[in-house]
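Trainee: Here is how the chains run, residue by residue.
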Amino acid sequence: MNKHKILRLFGLLAVLAGFVFTGTAQAQDQVPLVVTDDMVNQVASQLYCPVCENISLDVCPTQACEQWRSLIREKLEAGWSADQIKEYFAAQYGDRVLPQPPNRGLNRLVYILPRVMIIAGALLLAWIVMKLRARKPSSVPTEAAPQSSTEYLTRVEEELNKRKGE
Amino acid sequence: MDINQIPSEDPAEQAGKNRLPIPVFILAGILLAAFLGFLYMGLQRSQQGPVQVGDPIPPISLTTFDGQVIDTTAQKGNVILLNFWASWCKPCESESAALQSAWEYYQPGGQVLFVGIDYVDTAPEALASLKKYGITFPNGPDLGTKISQMFRIRGVPETYIIDRNGNLAYIQIGPFSSSEEIQSIIDPLLQ
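Protein chains in written order, with our numbering: chain G, 477 to 642; chain A, -19 to 171.
Rather than coming from a laboratory, the hints here were simulated on the basis of the structure.
Here the structure is a predicted model, which is why all the values come from computation and not from measurement.
We put the CB at the ideal spot given by N, CA and C, even for glycine.
Keep in mind that the hints are not guaranteed to be accurate.
From the derived model, a few chain A residues whose C-beta atoms are all more than 12 angstroms from chain G [stated by the list, open to error]: (1) L11; (2) M21; (3) S81; (4) E84; (5) F117; (6) Q129.
One side only, chain G facing chain A, incomplete, derived with CB under 7 angstroms [said to hold, decoys possible]: (7) V527; (8) P537; (9) Q539; (10) A540; (11) Q543; (12) L547; (13) G570; (14) Y587.
Here are the computed lysine to aspartate or glutamate pairs in the DMTMM-like style, where the Cα-Cα straight-line distance is at most 20 angstroms [claimed, not checked]: (15) K56/A to E73/A; (16) K112/A to D143/A; (17) K126/A to E529/G; (18) K562/G to D534/G; (19) K562/G to E529/G; (20) K126/A to D571/G; (21) K551/G to E105/A; (22) K111/A to E73/A; (23) K638/G to E627/G; (24) K562/G to E627/G; (25) K551/G to E529/G; (26) K111/A to D35/A; (27) K126/A to E563/G; (28) K70/A to E627/G; (29) K56/A to D143/A.
Could you build the full structure based on these sequences and the hints that come with them?
Mentor: If you want it as structure tokens, here you go:
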């Protein structure tokens, strides 16, 4: 068997292997996703019941919540991600089903304002520190200071002596 | 020279040097005003009571489960009954027969429109419920609870009847007990 024949044979085998593996992958894609209760509860814990106050869907005992958990299961089986399910619930039942307000519209202020406040506070603090540092050298006696104070004291003494003389 | 006159820096000048720059004051003022405005809007919204009889009702658009779009602006001159319900709501089941019966009474006249608004529900259960109770008037989900928030409903079932001029004429909290009860409210609005 010459080199060319061997290469052709390897090429053929590689193509066949490719078909076999692709077929396996396609077959695996078609296998329905097994969704466990834990997977459902994991998503449900990130959503809140729209009709009961402050109860997450994973622990809510009502019939409505049971229906919503079934809906989560259906969506997970259809291959939806947790974020897609959360978005779907928010669109269907309003933003109140989400644990945190979504970062859009007026809700953006909730996310922006604290950052602005922290930055503004840091800048203010930096400004105060700079001012305090700038003031310090004037309070520290310099070489010129004793001269001026000596001069001042001399004048005071002169004034006192004048007054004594009067 | 006066001995009381100790040479020092002018206090006013010193205070001026320590004062924050004017843009900082402006920025702080804007932030404070924005925060208070935001707080005021929230408080005003939370203290708004339910809609009152006589209030004009803003236009409502609802896409039904079968894809039909219902727009109240196109229904001006007709009486509109809006019924908020859900498949998980037991009292809603008890009034469904009364609503369907009243709808069958008014539908041929074409002067009254019944609209079912499915409040925080899942579509398969809602459709199963409609089928089970033989409801034929248009029904659709309240996407994002926009319509129920507009009416500031407190629960389900709740029914709002809008007169020919687009003003709220009647509010029913809880279920209707019979078709006659519904007729006794709608008939005077048609005269």
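Trainee: Each hint: holds or not?
Mentor: Verification of the hints:
With a least CB separation of 7 angstroms from chain G, L11/A falls inside the 12 angstroms interface cut-off, contrary to its annotation. Consistency note on M21/A: stated as away from chain G, yet its beta-carbon is not over 12 angstroms from all of that chain's, at 8 angstroms minimum. Non-interface status of S81/A relative to chain G is upheld: no Cβ of that chain comes within 12 angstroms, the nearest being about 26 angstroms off. The claim that E84/A is not at the interface with chain G holds, since no C-beta of that chain comes within 12 angstroms of its own (minimum 29 angstroms).
Here F117/A stays apart from chain G, with its beta-carbon at least about 22 angstroms from theirs, past the 12 angstroms limit. Distance to chain G contradicts Q129/A as a non-interface residue, since its nearest Cβ pair spans about 7 angstroms, not more than 12 angstroms. The closest approach between the C-beta of V527/G and any C-beta of chain A is roughly 6 angstroms, which is under the 7 angstroms cut-off, so the hint is satisfied. Of the supplied interface hints, the one on P537/G is violated, with its beta-carbon coming no nearer than about 12 angstroms to a beta-carbon of chain A, more than 7 angstroms.
A least Cβ separation of about 5 angstroms between Q539/G and chain A falls short of the 7 angstroms threshold, and the interface hint therefore holds. Checking A540/G against chain A: minimum C-beta separation of about 4 angstroms stays under 7 angstroms; hint holds. Among the interface hints, the one on Q543/G holds; its C-beta lies about 5 angstroms from the nearest C-beta in chain A, closer than the 7 angstroms criterion. At a threshold of 7 angstroms, the smallest CB-CB gap from L547/G to chain A is about 5 angstroms, leaving the interface hint in force.
For G570/G, the suggested interface contact is upheld, since its CB lies about 4 angstroms from the closest CB of chain A, less than 7 angstroms. Interface restraint check: Y587/G against chain A, minimum CB-CB distance 13 angstroms, threshold 7 angstroms, status violated. Straight-line distance between C-alpha atoms of K56/A and E73/A comes to about 30 angstroms, which puts the hinted pair past the 20 angstroms bound. For the given pair, K112/A sits about 30 angstroms from D143/A by alpha-carbon distance, which is inconsistent with the 20 angstroms threshold.
Pair hint K126/A plus E529/G holds up; C-alpha atoms about 18 angstroms apart against a cutoff of 20 angstroms. Straight-line distance between C-alpha atoms of K562/G and D534/G comes to about 14 angstroms, which keeps the hinted pair within the 20 angstroms bound. Between K562/G and E529/G the CA atoms are separated by roughly 18 angstroms; this keeps the pair inside 20 angstroms, and the hint holds. Taking the CA atoms of K126/A and D571/G, the gap is near 11 angstroms; set against the 20 angstroms cutoff, the hint holds.
For the hint linking K551/G to E105/A, the alpha-carbon distance of about 15 angstroms falls within 20 angstroms, and the restraint holds. Of the supplied pair hints, the one linking K111/A and E73/A holds, its CA atoms being roughly 12 angstroms apart against a limit of 20 angstroms. Restraint check for K638/G and E627/G: the C-alpha separation of about 16 angstroms stays at or below 20 angstroms, so the hint holds. At most 20 angstroms may separate the alpha-carbon atoms for a hinted pair to count; K562/G and E627/G exceed this at roughly 80 angstroms.
This hinted pair does not check out: K551/G and E529/G have alpha carbons roughly 24 angstroms apart, beyond 20 angstroms. A hinted pair counts as satisfied when its Cα atoms are at most 20 angstroms apart, and K111/A with D35/A does not qualify at roughly 34 angstroms. Only pairs whose Cα atoms come within 20 angstroms are accepted, and K126/A paired with E563/G is accepted, the gap being roughly 16 angstroms. Distance restraint check for K70/A and E627/G: the Cα-Cα separation of roughly 98 angstroms exceeds the 20 angstroms cut-off, and the hinted pair is therefore not satisfied.
A hinted pair counts as satisfied when its Cα atoms are at most 20 angstroms apart, and K56/A with D143/A qualifies at roughly 9 angstroms.
Checked against the numbered hints listed earlier, the structure breaks hints 1, 2, 6, 8, 14, 15, 16, 24, 25, 26 and 28; every other hint is satisfied.
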